[in-house]
Amino acid sequence: MDINYVGEHLWAGNTGNFFIVLSFCGALLSSLSYFIFSTNEVQNASWKSLGRSGYFIHASGVLGIIGTLFYMLLNHMFEFHYVWQHSNTEMPMRYILSCFWEGQEGSFLLWTFWHVVLGIILIFTSGKWEGPVMTIVALVQIFLASMLLGIYVFGYKIGSNPFLLLRQIPDFANLPFIQNANYLSKLDGRGLNPLLQNYWMTIHPPTLFLGFASTLVPFAYAIAGLWKKDFNGWMKPALPWTFFGVMILGTGILMGGAWAYEALSFGGFWAWDPVENASLVPWLTFVGAAHVMVIHRNKGQSLLVTFILTIITFILILYSTFLTRSGILGDTSVHAFTDLGMSGQLLVYLLTFLVIAVVLIVINWKHFPKPETEESVWSREFWMFVGAMVLAVSAFQIIFTTSIPVINKIFSSNIAPPTNPIQHYNSFQVWVAVIVALLIGVGQYFKFKKTEMNIFLKTIAVSFFGAIVITGLLTAILDLLSIQQIPYIILLFSSVFAIVANTSYFISVLKGKVKLSGASVAHIGFGMILLGALISMSKSEVISRNTSGVDLQKLGEDFPNAENIMLVKNDTLSMGGWFVTYNGKKKEGVNIFYEIDYFSKDENGKYVKDFTLNPRVQINPRMGNVAEPSTKHYIGKDIYTHVTYAELDEEKEKKPDEFKKARTVTLAPGDTVFGSNSIIIFEGLDKNVDKTKYNLGEKDIAVAAQMRVVDVKNNSFTARPVYSIQSVYAVPFADEIAELGLKFIITKLIPESGKVEIEVYEKNSNLKEFIILKAIVFPGINILWAGCLIMIIGTVLAIRHRLKQSN
Amino acid sequence: MKKSHIIAIIIIAVAIGAILTTVGDSSTYASFAMATENPGKEYHVVGKLEKDSALIYNPQENVNLFTFYIKDNEGIIKKVLYHGTKPQDFERSEQIVLVGKMKDEGFQANTILMKCPSKYNDGKPEMQEYKAQS
Chain A
1438 MDINYVGEHL WAGNTGNFFI VLSFCGALLS SLSYFIFSTN EVQNASWKSL
1488 GRSGYFIHAS GVLGIIGTLF YMLLNHMFEF HYVWQHSNTE MPMRYILSCF
1538 WEGQEGSFLL WTFWHVVLGI ILIFTSGKWE GPVMTIVALV QIFLASMLLG
1588 IYVFGYKIGS NPFLLLRQIP DFANLPFIQN ANYLSKLDGR GLNPLLQNYW
1638 MTIHPPTLFL GFASTLVPFA YAIAGLWKKD FNGWMKPALP WTFFGVMILG
1688 TGILMGGAWA YEALSFGGFW AWDPVENASL VPWLTFVGAA HVMVIHRNKG
1738 QSLLVTFILT IITFILILYS TFLTRSGILG DTSVHAFTDL GMSGQLLVYL
1788 LTFLVIAVVL IVINWKHFPK PETEESVWSR EFWMFVGAMV LAVSAFQIIF
1838 TTSIPVINKI FSSNIAPPTN PIQHYNSFQV WVAVIVALLI GVGQYFKFKK
1888 TEMNIFLKTI AVSFFGAIVI TGLLTAILDL LSIQQIPYII LLFSSVFAIV
1938 ANTSYFISVL KGKVKLSGAS VAHIGFGMIL LGALISMSKS EVISRNTSGV
1988 DLQKLGEDFP NAENIMLVKN DTLSMGGWFV TYNGKKKEGV NIFYEIDYFS
2038 KDENGKYVKD FTLNPRVQIN PRMGNVAEPS TKHYIGKDIY THVTYAELDE
2088 EKEKKPDEFK KARTVTLAPG DTVFGSNSII IFEGLDKNVD KTKYNLGEKD
2138 IAVAAQMRVV DVKNNSFTAR PVYSIQSVYA VPFADEIAEL GLKFIITKLI
2188 PESGKVEIEV YEKNSNLKEF IILKAIVFPG INILWAGCLI MIIGTVLAIR
2238 HRLKQSN
Chain B
288 MKKSHIIAII IIAVAIGAIL TTVGDSSTYA SFAMATENPG KEYHVVGKLE
338 KDSALIYNPQ ENVNLFTFYI KDNEGIIKKV LYHGTKPQDF ERSEQIVLVG
388 KMKDEGFQAN TILMKCPSKY NDGKPEMQEY KAQS
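Chains as they are written, first to last, in the numbering used here: chain A, 1438 to 2244; chain B, 288 to 421.
Mixed in with the good hints there might be a few duds.
Unchecked claim - Residues on chain A that point at chain B, a partial pick, calculated with CB under 7 Å:
hint, residue
1, G1824
2, F1837
3, N2001
4, V2005
5, N2007
By construction, these hints were calculated from the structure, which means they are not laboratory data.
Only a predicted model underlies this, so the values are computations on that prediction, with no experimental measurement involved.
For glycine and all other residues, C-beta sits at the position ideal for the given N, C-alpha and C.
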């Protein structure tokens, strides 16, 4: 049965598919031509220009795909599955970018796009390296372009096509609405995940993917070097790219941390989540690669390690893509992506390049130039090498634990990740950070080649004692001794030392020459990142400890960390040195904003408003509500506030004078329970009951429960609910305290223990609107963000310096 | 012995150390039965929410206590105590991974990992993590 569907833009899908095929064929043509160009003894320039043309065809294909997809998103063409899945008409247009890369196809496109950009730059800058380098780049692009093909070859699905129609998806094809020729007129998209409707999500993915993409350039140069047996020459052009990649990838990772801190309810900027780890690990090996490249440029040593680190960085990028995209992390990560059936393809991609690299290293290894002399222990290179190795070991530990699900899959074992991942990683990585920070501190004072011991000691001693003094001061000011963990105090010292030593090197040795100071400045930034992370993590304090009316017995000794506090509308609670008031909520679009005022007391004991925070809950019936924290930034500290629970149901019109459903409590004499506005004390049973008042006969039995109720202003009230037995029937008589809206009914007497079972009723008017929130103070987090900026500046200086050198 | 060899040996030693600490810190996916046999030891328990049993979160009484019942993969139902606020959309969860240990009053969960159906990906579950402590 053919249905003539109304309003579909089939031409758009066809255009998109044309561009997909174009980009795939272009990459194929380019890689092949460049390969022939590079292998021919006599170089034939026409193969080179064919390679270039192929790459430009590929580039225009990729740009065409991106343009088509954007056009579809902008025009709400919900007949296309990708558009339907990731956007809707209600969504603000500024998040269109997030829609674009929310899906896997989109994020592969983003990655491909950056490779296109970098590839074009390489065509014009790599000179004699163009042939072999572009062969590799275009080969990578063949794999990436195939991820979008969405065709079946011998029963295997290759790629996932972003231009499929909704009605072509098997899950939808048989749905009744598809039988309606006019289905489009009623269709709206599913919309964007509320977590991604966020400013950070428009800048974090492109930066991170540019970082991912930039690892390809040194990798391609390294493979080209092995292939052309020019084992040293490739590093000169690769080094600035490596620095560039380190900077961008690092920035992308930290932006992810900022997103988690500002917009997610993680309660911190780093949680050692598998997805975070998957991008940190290649960064660590990348930093290692950058440093051994510098060693090799100066001394011609550690060639094998340079190759290994450069190559493994790119392989690790592919591996982390596999980890996050194959769904294998499913049980361990908060934000693992689900499988699109491409994990096999990703593995082929990874293994192809791993095999190429390993084979090339093995066949060339015996031709590597071997340095005759061993490196002196008193040279800068030696310690840089040690530092790079420490980073490699650090990367190994992180990726090993993160790979537990992969290990389970391979060996069909049943290992669960550590129950406390943060502690697991920290206890190892603290020592890595200590060693790295110390090396950063002393490193520059070693001369390249050999260092005079006494001069070295003299210059470093100043920084060493300076750092001790500053560490002491910091410890005193910030009360850091309360950390009481020796590794953290050692890390405090070593990160301060790294900062001081590099600052003093910048001033006294470089005499403030900015051009040469890239390494010092970047290292100062790195030291600050460590320092900021250490202070904000170890001294962060949950100030929303529950100090108000709670049943402390139920908390148990194992859980002293009751971290949420209830805030009733218009009440004020003391919290971490502030007085906090919840003023109410307001609804704006899909968001509910909660207005929370923070007050402090001035000298006269008057309350002064310090600031207002507006944490919000984004209502999304289809995908689930999302709470977003709000943070007050001071220079020295941040106050982070997050609504962990709120009653979101539109208030059903409750009559204030009605009692809500009772709560049944069993009380022994002397026991207390908390009411919403009072403390209720059961003082004991009283047999002295005025029987006439309740129309009881002489033989009937009656007892009253003596209840004392104290309200928040310390006024005392009493209530005497009565329990009577008239012949064989038990008849309770309620008693009320009108002022407090309380009512008590005895439901059972337990004579053996002298306990009573009582129903406690409260009027609806007693139960004011409330929210439950969690508030954390993060001191010193700005040191971390400032460190990021300084590290970026330092890396830019280093790139400039290297570029000048290579010209 | 060459210095590079010494460095290589140290690196291998530390790497083995890293593997050992991971193995030492790692937990096991277990059933309630196993957790009951070893009270006080932390496990990952995978199960489903018993939607018919009581789901108690009474913030007026205790903000930081949420109790519910989970049926593990072997079909045993246990009461679970989670010391935190009730997570959003808890009832919608399809599968729940609990991290914690068995106590007399029930399974004490530090972390809940929820798999919710068709939240962010069509028809495919998505994980969400909730921790009682930060």
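| Contradicted hints - numbers only | Per hint list: 1, 4 and 5 violated.
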